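Chains C and V, in that order, are what the protein sequence lines are. Taking this note's numbering, I'd label the letters of the first sequence as residues 1 to 82. Taking this note's numbering, I'd label the letters of the second sequence as residues 1 to 762.
Just so you know, not all the hints are guaranteed correct.
No more than 25 Å apart at the CA atoms, straight line, and that leaves these computed lysine-lysine pairs for DSS-like [claimed, not checked]:
(1) V:K192 with C:K3
(2) V:K264 with V:K95
(3) V:K326 with C:K3
(4) C:K3 with V:K264
What the hints contain is simulated information worked out from the structure, not anything from laboratory work. For clarity, every value in this text was computed on a predicted model and none was experimentally measured.
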Amino acid sequence: MAKVVLPLEVARAFADGETDHEVEARDVRALVRVLDERFPGIAERLSRGTAVAVDGEIYQDWFLEEVRPHSDVRFLPAIEGG
Amino acid sequence: MGNEEDIGKIIDYSGREFQYIGKRTIRPDGVDKVTGRANFGADFTVNGMIHGRVVRSPHAHAKIKKINVDKALKLDGVKAVITGKDFPEIDINDKAVGEVVVSYYDMAHNIIARDKVYYDGHAVAAVAATTPDIAEKAAKLIEVEYDVLKPVMTAARAMKKNAPVLHKHIVTAGVEPKPEKPSNVASRTEFKLGDPAAGFADADVIVEREFSTQTVHQGYIEPHACCASISADGNANVWCSSQGQFMVRAYTAKICGMETSKVKVIPAEIGGGFGGKTVVYLEPLAVMLAKKAGRPVKMVMTRDEVLRATGPTSGGTARAKIGAKKDGTIVAGELELVYEAGAYPGSPVALGCMTGFAPYDIKNVSCVGWDVLVNRPKAAAYRAPGAPVAAFGVECTLDVLAEELGMCPLELRMKNAAVEGTQAPYGVKFNRIGYKETLEAAKAHPHWSAPLGPNQGRGIASGFWFNIGGTSSAEVMVNEDGTVIVATGNPDIGGSRASMALMAAEGLGIDVARIKPLVADTESVPFSMLTGGSRVTFATGKAVIEAAQDAVNDLKRRAAKIWDVDIEQVEWENGQAVCIESTQHKPLSIAAIAAKADKTGGAISGRANINATGAGPGFGTHICDVEVDPETGYVTVLRYTAIQDVGKAIHPSYVEGQLQGGAVQGIGWALNEEYVYGEDGRLQNTGFLDYRMPVASDLPMIDTVVVEVPNPGHPYGVRGVGETPIVPPLAAVANAVSHAIGKRVTDLPLSPPRLLAVIDGK
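Next comes chain V alone, as it looks inside the complex (with noise of 0.2 Å):
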């Protein structure tokens, strides 16, 4: 046990003292968010505005024969009817080569189907009327023929010989020779490191475990919405709420056929998106829409939409093999994800062979992922995208090669850690990261050592995640008074103005509340890559350093033409302008200078336009223990403590607000989140009363351990922070009720029915 006084005390590694980094301000969305006032997607009005409704396929799987929209067009007050023929053709081989492969091909037919709907809730057409209600009796007049088809509703079904064939243009990826039938399997993914085979072989113990999860969805509260118009010129505006106003600007251009100019887009609040808005649905359609009304179109999604036709994350299985020595030193991994993309190519199945072994150093590694075509909707990007699983396969197989060496699963990780130098399984070598740390603050948490009562378990887990950089841009204006704006273009989803503010408030040296950081829209600042990957506190806030200090610069520059001095006899100090060879001048704060900019040559600011390299990995631990109803299979979570190494806190609230928020939706996936089916490949349920999310009732305070190991590629050290606590809690949980059980638990969600079934061995 440590020393319980410092248990989730901030530690500046560092040694750097900071004057604003690192404190708890006041956030600068609160009070329009606690008072109602803050604008999201659905909230935008424009004066003739019209709204529209998607008809959607009821079908998984069905070639569309014909769709009549005479009788819609006939209703009093629509406006507008569009099909998937409204839209220019795109080349199936029209790909964004960016941060990640983009088919915009796969993205047109998502938006609205052309000759065949891929999953229930598939958009076939669009309505735009005068009132929400006559669009959605339009959507009902629209008459759709179907062929339908067989679904293939699971990856086991669809690798099968015999299962029906989603896209006959898709050949399985990754494979030589290359084969020549069309196939559900889109690709195959491969890492290895050093030779697994003479590792396993070396083995005195050798544990493997095979695990399945199913489709679950980000469950963000705000359903996607936008209001798009368009001007007589062809200039479109879009208000919405997304990850990414370039992102959306990007999608939306190219699926309408129009120029990016000819679109700017207006970024709203954001009620959540964990990787859910790093697309577009509606945007296209409602551009679409407004274009052929000739009146601004907004469209807001309902529940039931969101649930059956935006991208949850994928289902899969995961199967994990791990050798050891007795003393407990891994040496050979093995890792064989299968995971479910939904109806277009691109699970994130490469991202889990990545990051499942991340945290150990282990010499030999095999991990072989397949992308897998069903008649789901696409999966999109939720938190650290493709980790949850793998660290599911990883860290439950860990605990039963625990179990088989005695060992306290604990000290097993620990004494197999990745530390700086250890090589990933897919090859890098880390810089300074603090794995090791959250596990020392794991082993000295009061949590570890607390006592269990009867049919209590508890249960450890850890998790990787990469986090990246990217482009990003910042602007520094500083106002005539001295106060300042900075301008970014990445939509605040977890607190980046308030980080953003209180980096420049220390890069300019003045109070934070004398900062106002505004979320810019796309004809207001440079392009910023969308807010994900964890990038923006890190990527953004880089910018936003060195916005700060070009504006410092300028300020300088300013402060020793009013002293009529060189501008090397200027430093800045504590957020005044010090003449350092002159008494006679008296330090100059930012509004002394800024109240003069008209005689020095204008306005002040400063900018960056960066492409952020030094990201640094991050690593957590969390502990969970839980109850459970022999009775009933009902799991209680009693306690649950998540420990992360976050680089540098930049506010702390946040931060902590990150790793509860995490865990809290890795606990919903452990225990009772799944999409359900029926025989017909229709979703069952679509809503939140039967899609159950745990609630504030449902759950302890989730308890943080904030670890602060410096981030040497950040000025301030900042790590990212958003992703890395979703990866462990599958695992802590299922280890916590395998302990609490007696039995070894590989099947989630751990819903009461199917626990039930494990515990009475069925």
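If we strip away everything but chain C, and leave its shape as in the complex, we get (with noise of 0.2 Å):
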């Protein structure tokens, strides 16, 4: 099972304020499915300006990145830059 992180914001707005979650799935798509069927409306808030770290690696527009029985996968709010 991955560990999973959401952001405050949307642990509190969907998932009763829980920020840690164990999820199983290959990649990050596939998890964030998991997390929707928990949460409704879950993916759709997480695919709005949101980047995911997996096991440290940033990923800025998330879609298929690997994710490893015991990956840390992060939600964090996408990094723009000057």
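Quick one: dock chain against chain with the hints and give me the complex.
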């Protein structure tokens, strides 16, 4: 099971404030689908300006990034720059 | 003290010997720029071109009751007038959901107001005429009736319950339960690591301070400018200076209701951007005027327009609280940021929350950010958006903590420095980073131990920026004579052409002088994300390296054909093909292979389209010496040293220039720059005479130390460079001034009157 950490605002809006979750999935898209089954509407929210860090590697526009059984997956605000 | 001979020495930590990387080669854009031949945004001229002018609101907050364009249209020479009604309506929920959320509704309304103006300088109409003078006269003939509303100019005022609400459809996001009433607070963001309350309970010393900064502009020398033409079949050409030709194409097409393929954007040289040219203002207006007039339209902003109507970065407040053990171990941190977003949501407050404590290994951290609407221009990106104000709060509070603990501020930072494996406040664990190395370089630098005189003070501060990757493309084209063109889709705002050429030279193994780097238009190379986030040398560089390898593979195939051997027999060494199992074949240079391209399959090229990952974070540490005149409050910067881990400096001169430029902009932010608004919400300082940026004569030479801890996510170890150096200066200067006067300064800018008031205890 991968460890998933949601942003606080998202956790409060969709998951009773619980930020930490465990999900079994092979990539981020599948992981988000599982989350959306648990917390309907969360996929749409996580698709808006949200990056993901999988085992420390930040992906600005997540999709098919590999998730391993013990991966650490964190959703973050997307990072813009000047 | 370390060995002075090593100070500033570029060390290749990876141990790799480079042939071209790290050389200070002649800049490809240099001759055109110093001889005045470079074409910037305002330099384009097209046959039949006419001139556009924008009508701007003189009010900071008002309803538009009526716009009468009749008189303007009757003026001889006027070819077209447009208002917001000429643009397609965009749904309020229409957003681009890519790298960051972009509200097309807000963008459209920011470019030209519909029913309401939200800041002094907000565009309400535009006119095109045969000469700039006629366009100016026509603009004055456009009559706009306003119902003037009370402006809300500061976050503090905007957050009050009785404050006028700017947008009736905005309720505070990030708050549960979701509020029902509209608010000027667009959103609340929170990050939490560990148990901050327990951390503070465990602390021996707790310090807490609040700091404020003002709205500041990027201050690029070149004002926004563009020229647009539109053909009879509806295809638009846009020549402009920007940080992304593909960004301009996407936004212009969307705002004007056109298909992407109908808009071609040809990039000009850019005279500075620093994040401020990651959005569009004039381009959709020029396209719409050109469409209506049937003539190409050129538009150039004045400095007044740039300052009043384009996106500065947010002013804001930072409250920082730090708890530590007696030995200096930090056990808890708390940061609350309030940033002014301007007229539409989207200040960089979340990034401020993520970056403020990032240089430190702290187990318990809480960061809360508030994005607040005010009647100022919508904030745009500015070098490391959000980070400087957060670092100002944290790094000054650390200085206070060092005083409380009786510790050297550098040693305090060293004791708590983030290293590989440290968990950042936003949860991610760092890969190999070089923050500690910047502190070691600071400690070893003669600047750190140089004596100070009366009324002088020294400050130190550090800063962090993520650096990003993203979508980039590159093509490496081998010409018939063996010279090479490297085409990419990123405007060169900081020396990227030189870097691309050097990386291609390294990959191909040929002299960099035989490589011509090119910034191509939107129809000549595949899509690339804009130039920003310190991503181009890293991400587009990665694409260039891959494209060069692709070209090498092609060259090897051609050599195999020429020699009539299997491709496995061919290796690429020092820019030439070598047949490994036969001495009868002499090595073939690129020129020799290119000369036979027709016989071996046609043109030779390599390409790469990538979404680059593996960007390595950047950390910097700055030392600043100042002298304060106690009679006038005037601050003289005596000495300044910027130290940064850059991964690998592809072209060290450009890297040093980035460190110097970021430091200078940060010094201006700290000492002088601020938007000054009147009671009526109108901007008072709309030129560089009154909006005082530092010039060369104001400052000493900025010394730089380039630290190289290679980024494992890049073949040559590159980290982004351009943004980190603006993060430490606000605090480095403020800490220096505080030590010089013996009182803690908390409010920027430290202009003479403000500082004199602090000195005098007022």
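Verification of the hints:
no.	hint	in the structure
1	V:K192 with C:K3	holds (17 Å)
2	V:K264 with V:K95	holds (22 Å)
3	V:K326 with C:K3	violated (35 Å)
4	C:K3 with V:K264	violated (45 Å)
Going through the hint list in order, the structure does not satisfy hints 3 and 4.
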